[in-house]
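Chemist: One-letter residues, chain by chain:
Number of protein chains: 2
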Amino acid sequence: MELKVGSWSWAAGLPAVMLREKTAKKLGVHEKGRLLIRVPSTNKKEISAVLDVVKRKVSKKEIVVSEEVKKILGVKEGQKVEVEISSPPKSLDLIKKKLKGVVLTKKEVKEIISDIVNNSLSEAEVALFVSAMYQKGMNFDETVFLIDAILSTGNRLHFRNKFVVDKHSIGGIPGNRTTPLVVSICSAAGLTFPKSSSRAITSAAGTADVIETIANVEFSIKKLKKIIEKTNACMVWGGALGMVPADSKIISIEKQLKIDPEAQLLASILSKKLAAGSKYVLIDIPYGSSAKVSLAKGRRLKKKFEDLGKYFGLKMKVVLTDGSNPIGRGVGPILEMKDVIDVLDPSEDGPLDLEDKGAGIFLHVKRGDKIVKKQKILTIYAESKPRLKEALKFYKQNKPVDICHI
Amino acid sequence: MELKVGSWSWAAGLPAVMLREKTAKKLGVHEKGRLLIRVPSTNKKEISAVLDVVKRKVSKKEIVVSEEVKKILGVKEGQKVEVEISSPPKSLDLIKKKLKGVVLTKKEVKEIISDIVNNSLSEAEVALFVSAMYQKGMNFDETVFLIDAILSTGNRLHFRNKFVVDKHSIGGIPGNRTTPLVVSICSAAGLTFPKSSSRAITSAAGTADVIETIANVEFSIKKLKKIIEKTNACMVWGGALGMVPADSKIISIEKQLKIDPEAQLLASILSKKLAAGSKYVLIDIPYGSSAKVSLAKGRRLKKKFEDLGKYFGLKMKVVLTDGSNPIGRGVGPILEMKDVIDVLDPSEDGPLDLEDKGAGIFLHVKRGDKIVKKQKILTIYAESKPRLKEALKFYKQNKPVDICHI
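Chains A and B, in that order, give the protein sequences. First residue of the first sequence? That's 7 in this note's numbering, and the numbers climb one at a time after it. First residue of the second sequence? That's 7 in this note's numbering, and the numbers climb one at a time after it.
Be careful, since some hints might not be right.
Just so you know, same-sequence chains aren't split out, so a pair can sit in one copy or run between any two.
[Said to hold, decoys possible] Simulated crosslink set (PhoX-like; lysine-lysine; CA at most 25 Å straight-line):
1. Lys102 to Lys32
2. Lys303 to Lys31
3. Lys255 to Lys96
4. Lys231 to Lys103
5. Lys142 to Lys261
6. Lys264 to Lys229
7. Lys264 to Lys310
8. Lys63 to Lys51
9. Lys76 to Lys28
10. Lys10 to Lys51
11. Lys103 to Lys298
12. Lys63 to Lys38
13. Lys38 to Lys106
14. Lys232 to Lys106
Everything labelled a hint here was simulated from the structure, so no lab data went into it. In this text, all values refer to a predicted model and were calculated from it rather than measured experimentally.
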C-alpha cells in the first residue's frame, strides 16, 4: 500500500509508525504489529517498524513515522512510501538457540546484531537475547563475534596521532568521577582522548550527566571530530553519537531489565574503544561490597579484558581498585562536578580519595605546575596515597608502569 | 505536574502517553521512560505509562493518553491529571530471582502478575519473566500460584447450569478444527459451553479466525452472557473478552518471542476454563513430529493437567491424539470453516480425519438424526477410525467414557 508521510515530529524512541484505524485494518495489522516501510524511488532502503493505531489526527492515506524512521529511510513530510506487513525475523530462532545453550557461530551472532540495528527485533525479542546471554554466557569466540558484529554495524573514528588513549571504569561506585581528571590532564599533555561516557545506569549520575552541568555533551560524529582536532579530547554522551548503535539498543533494554550479562559488558566497552580508534586503553574494575563485582569476579573479568584486548591489538592495562565506598564529597551531577573542579584547581583542596583515585593526577610534577605538551605522564592507577608512594618508588627503580611511552 | 488530557484517540496497544518535548524535559524523562499518571479528584486510581515525545501537535500543558490509559483511569478529554516520574517496579527483582532459579512464593507470583496487569512492567520486563519461566520452569505450587494470581486479577463467569463444559486443544496442528463441531453438538444437547479461542499463534489460523469467516467473534463479557443464555454456547475470541488480562498480556509477549513455557501454557488454559466457570473439561494434546509436543512430553503434560485439574476441583479428561499430520482438506480460515460445515451438514461428505478427530461427532445416533436436548453424548476423543470402533465396542461392554453424566 502506498501512503504519504505525515507532517509530525514524533520521537518514539524506536522506529514506529501511526496509521488511522481503517488503514491498519486494510493492511491486516493490529497495534504493536510490525510493518515494512520502503521508499519506492530508492528501492533499497527499508525498515521494519512497530504500529500504533489512531482514530483521528491521521488521514486514511497518511502514515506518521517516528524520527527514527525518518532518519534511517531519509524520508520527509509529504513523500510517498510503500507499506506492507512484516514477517517475523529469522534471528529470533537464533536467540532461542542461544537460550537453549547452543554456542553461536560468527554468522549467527552477526545476524542477531544486524537485526537489532535494523530494528527487526522488538524490545521483547532483544530482552530475550539479553536474558539468553545472561543465562547461558558467551565463550571467548562468541564475545569476539559480538564485538566484531557491533563494530561492523557502526561507525569508526580514525586519528593521525599515534597515541589515541582511553579509559573506562566499570562503574557502580557513586562519585567515582575520574574521567574529567584523566581526560583533562592527558589531553593537555598531547594524547588524543576520544572519551564517550554513559548517563546514569546504576548510580545517581553518569559521567555524561556530570559533565553536562558545565558543558554540552550531545554532538554529532562530525562535530566530535572537530572538537578532538582542536582540543585533543572530548567528554561526550556516547548515546547521542550513535557510533555503535547495536550496543546502544542492547543497553537501553539492559537498563530496563537491570541485568548486565558479562559478554555484553565486555563487548560494550571494547566495541566503543575500538570504534573510537583508541590504541591504549586503561580499564578500571572497582571491586567490593557496593561495587558491581567482587574481587574474585573482578579478577576473572580482568583476565577476559586482557585476552580480548590482546586479540584486538589494543595496548591494555586492567586495574582492580577498591570500590567499597563512595568517592569524593558528594553524589549527584553538580556535587561530583564540584569535586572534579576542586581537584583540578590548584587553589582548592580537592577530596583526597578522588585525588588518589584519579589516574595521572599524581604526576612527577607538583600540583600547580603547568603541564606542557608531550610531557611524560605517569598512569599509575593508585588505590590510596601510601600505595601511590610505593608505586612512585617502584617507578624510579624500575621500568615505568604506563599506558604508552611518549 | 498537572496536565490536561488531549483530544486524541490513540490505540498504542499498551498504556502510553505523549508529551511535548519541553514538558518531558521539565519532568526529567526521555522517550520510552515511564510516568505515573494519577487523577487528582479520585486520588486512588493511578497507572504507569510509557512516554513518547513529540515536537508539535501536543501543547506544553497537554498530555495525550492512549486508549488503554483512558480506560483504566476513566479519564476524558480536557480532564486534568497529575504526572510524575515513575520508579522501577519491585517485581522486576522477583523476576530476576526466578531467573536465578529461586522458587517463588504465592505473594511474589501475585506481585509479578498484578504488575503485569497494571502495566507497571514493560514489554522487555515481561519478556524476561517469560524467559525465566522457560529457563527455570515452575513447580506445582508455583503453577497453582500463577493460576490463582491470573484468576484474581480478572473476571469470572458463573452459570446456573450444573453442566458447564469446555474443551481445549494444545494446538499446533493445521486444520485441527474440532471446536466448532464439539461446541455445536454439545450445546444442542443442553450443555453450557462458554468456549473462547485464540487467533493464530503457531498455525495459519486460530479457531477464532476460522469462526470469524462466518460470524463476529469479538464481544464484551456482558454480551457474551446474553449469547450463552440464549444458545447455551459461544465461540468467541478470548483476547477481546479481557477476562484474564494477565494471561492476554503474557501471551502477546510469548507470541512475539515464539516461546511457550510449560507453566504458562498450563496456567493459561486452566485459568481461562476456571474463569469461564467450566466444571467439566476435556484437554486434547496432539503429539508427534509436527505437533508442539512429543509423545513423552505429552504424557508428562497430561499428568500435570490432571494434577492441576484435581487441585482446582475440575472434572477433567486429558487425551493424547495423533498430531503427526494436518487434519481436514485445507488449511487457513475459510478452507477450515468449509471442512467444519461439511462435517456438520448431513448432505455433505466431510473430511474423514476431521470426523474421526471431532469429539462427540460419532454419537450413538446416526449422522442426520436430530440431536435433542439432554441427549447422552459420547465424548470419545478418537485418534483414528479403527481406534474409534474399538472404543465404541468398549463403550457397549463397559461404563461410558464421557466427560459428564447427564
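Chemist: Which of the listed hints are broken here?
Modeler: 1, 2, 4, 6, 8, 13 and 14
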